[in-house]
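There are 2 protein chains.
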Amino acid sequence: MTTHEILLAAQRAKAALAAADTEKKSAALLAMADSLLEHGADILAANDQDMAAAKGTMSDVMLDRLRLDEGRIAAMADGVRQVAVLPDPVGRVLSHVERPNGLHIERVSVPLGVVAIIYESRPNVTSDAAALALMSGNVCVLRGGKESWRSCDAITRALRTGVSRAGLPEDVINLVQGTSRASANELMTASGLIDLLIPRGGAGLIRACVENATVPCIQTGTGICHVYVDRDADLDMALDIVENAKTSRPSVCNAEEVLLVHEAVAPSFLPRLKERLVDDRAAAGQVPVELRLDEKAAAIIPGTAAGEGDFDQEFLDYILAVAVVPDVAAAIGHIAAHSTGHSDAIVTKNAHTAAQFTAAVDSAAVYVNASTRFTDGGEFGLGCEMGISTQKLHARGPMGLVELCSYKYVIRGDGQVR
Amino acid sequence: MTTHEILLAAQRAKAALAAADTEKKSAALLAMADSLLEHGADILAANDQDMAAAKGTMSDVMLDRLRLDEGRIAAMADGVRQVAVLPDPVGRVLSHVERPNGLHIERVSVPLGVVAIIYESRPNVTSDAAALALMSGNVCVLRGGKESWRSCDAITRALRTGVSRAGLPEDVINLVQGTSRASANELMTASGLIDLLIPRGGAGLIRACVENATVPCIQTGTGICHVYVDRDADLDMALDIVENAKTSRPSVCNAEEVLLVHEAVAPSFLPRLKERLVDDRAAAGQVPVELRLDEKAAAIIPGTAAGEGDFDQEFLDYILAVAVVPDVAAAIGHIAAHSTGHSDAIVTKNAHTAAQFTAAVDSAAVYVNASTRFTDGGEFGLGCEMGISTQKLHARGPMGLVELCSYKYVIRGDGQVR
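Chains X and D, in that order, give the protein sequences. Under the working numbering, the first sequence has 60 at position 60, and the numbering climbs by one with no breaks. Under the working numbering, the second sequence has 276 at position 276, and the numbering climbs by one with no breaks.
It cannot be assumed that every hint is accurate.
The list makes no distinction among identical chains, and a pair is therefore deemed to hold if it is satisfied within one copy or across any two copies.
To be verified - Calculated lysine to aspartate or glutamate pairs in the EDC-like style (CA-CA distance at most 20 Å, straight line): (1) K408 x E379; (2) K55 x D317; (3) K408 x D42; (4) K55 x D21; (5) K24 x E211; (6) K55 x E263; (7) K349 x E211.
Derived from the structure by calculation, the hints contain no laboratory data.
Build the full structure now, drawing on both the sequences and the hints.
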């Protein structure tokens, strides 16, 4: 099927899904999870082909994002099951007023309609996105990356088998056939056929959507996340947070890319940082973190000299840009100039400084004394997530079920005129 | 100043407005209202020039939208004052959870930042938009229509004088100098400098924004609104509602453009409709409504034969397209095919039919037994409004202060890592 034909099929499937109650949607999700496990062998075979084709063309970190195994398939099925028991976001009365003229005005949550998701290497996004779309009453049109296409196709087939068994049209879950740039552009410009487009991927994909999309679009994911270690930081805590934010999973968008250190604590903190992230890791046989240092940091510890671009880059790797700043205001200014508005953190024991930071930093998630790695639908209690919005319209931060809904006003009268 | 210079000035003014508390914003709004009244003569002189230039180039209905007088200026000032006493939408804690790991996750409302509004003939939009933007902590960049430019400029000068007296930078309210298509395009593509673009105007403007905008954009206003008179309608009520929806102010977006009548009541209803909207109005010296009838309606009453385009047009005039339908499902189908998703109404005494209609009609406002003319921020209790969204993302229906805000997550921990 062409992308246009898929979009028309998606439109036709809308009414049946909108009419499905919570019970029917939950049953479909459980059937999808079962079907994923049943088709595990097919999915792994497809993933093996994807991995074989990708080997040598991408970094180990990116290969890890592409790889599936039985554990990850089980995790995908668990993720789908978790969505099945989340509260149905559709049909909630969000507000109700009776006006002086006797009109009853109700605001009721409704699905968006057709949600398109363009994503890159991680194939498990397929089931996450399909599950969240289904529970929120939205037909989804998925478009995976070229490296993961075979995996995504096998996962989609399994999911469609599941929804079909549960009595919903299989066209409530759709995968665009092929991964050409033209197919992405076709989604971006399908005005009237797509109610929301969510690009999940690298900066290039996001930029293409911003520049070309004529359908409503949410920017997601690009994370140049900062941790600022304040003069009043607990330096042990700061070390743990920076290590976790940088090294626990460097390939994801909520990983730290830039460390800012107050000049008063830099001489004591940076040598400990180098020991923890470089020396200890090397001694333990782990990948040491490459430190890219501004001039002031380079005067304290050895490392690579940071180039200008190093403070505007999502490394997604064991690389950390480090700058020394004179005060919290300078840290806030640096973040305003370089952050992608995803997740930024301060480590400080000073409540006043923390309040200044959280008020001024204009990012989706602003942390005090915690790792940026928590910006995640699951960690925020949303079940799982459709992506992390870095724009301010509609949804910001992790998008769960509620963020995949719109609302409408229903007004009941007895003949009121104006 | 060039548009780009204005946008940079707007960016510089953001921090001062974001830091202003409720009291300071309210004081600024009262000063803006006072300044509007003080500068009434300047505004009327500018409006006289606009009216003189426009005469002969637009319909009487459109001229009425452009015209200001002392009463309308007083109404503008009152509108600004009403916003001053509305609840501050910024800084509200929208949700708070403590996670099992001890993280406290708060969702807090914040301004969007810089909001641009492109509008057409009604100059009073200038003060409405500026007031709502200011109370919601947003710097506004306004771009009026070429017919109303002198009026908008005079109003903006008065408003800037007001905010300046209240101790805020006058650059929190800005008007683009000139009304060329290039200036509109410059706003549509000012990525990174505009957080939200709201086009308020005709279908051509909305389409241009959808096709060209690279900044987040909300479609507003185009209203092909339907009233469906059901088999089980109270026909007296239906007549009052249709008359009000069509004739009380035909130039606005919530006016009715299309009437659908159940075939069982069409023979009794349509002659009474013609009497009320055509004959009675003509006899009273009012503009009679031109009825554009489909074949079935034309078999019952005299009128103009409807062309295909008549069911897809926002007349904004004393014109009503009329079709006879076999049942509520056909009415729902017609609305799905032709509505702009603004406001659609059913008149019926049958609760089951009403429920079917409100569930299936996918518009911002769905009415039972009331006029579509109520779709309005004031009538909905929002104070005044920034426009009426006909898209599903972010805001739907009348946009008030809350709809001009985003949110951010503030996460407080004591060293949590993942």
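Each hint, compared with the structure:
| no. | hint | verdict |
| --- | --- | --- |
| 1 | K408 x E379 | between (30 Å within a copy, 16 Å between copies) |
| 2 | K55 x D317 | within (17 Å within a copy, 65 Å between copies) |
| 3 | K408 x D42 | neither (42 Å within a copy, 41 Å between copies) |
| 4 | K55 x D21 | neither (44 Å within a copy, 56 Å between copies) |
| 5 | K24 x E211 | neither (39 Å within a copy, 38 Å between copies) |
| 6 | K55 x E263 | neither (43 Å within a copy, 67 Å between copies) |
| 7 | K349 x E211 | neither (42 Å within a copy, 49 Å between copies) |
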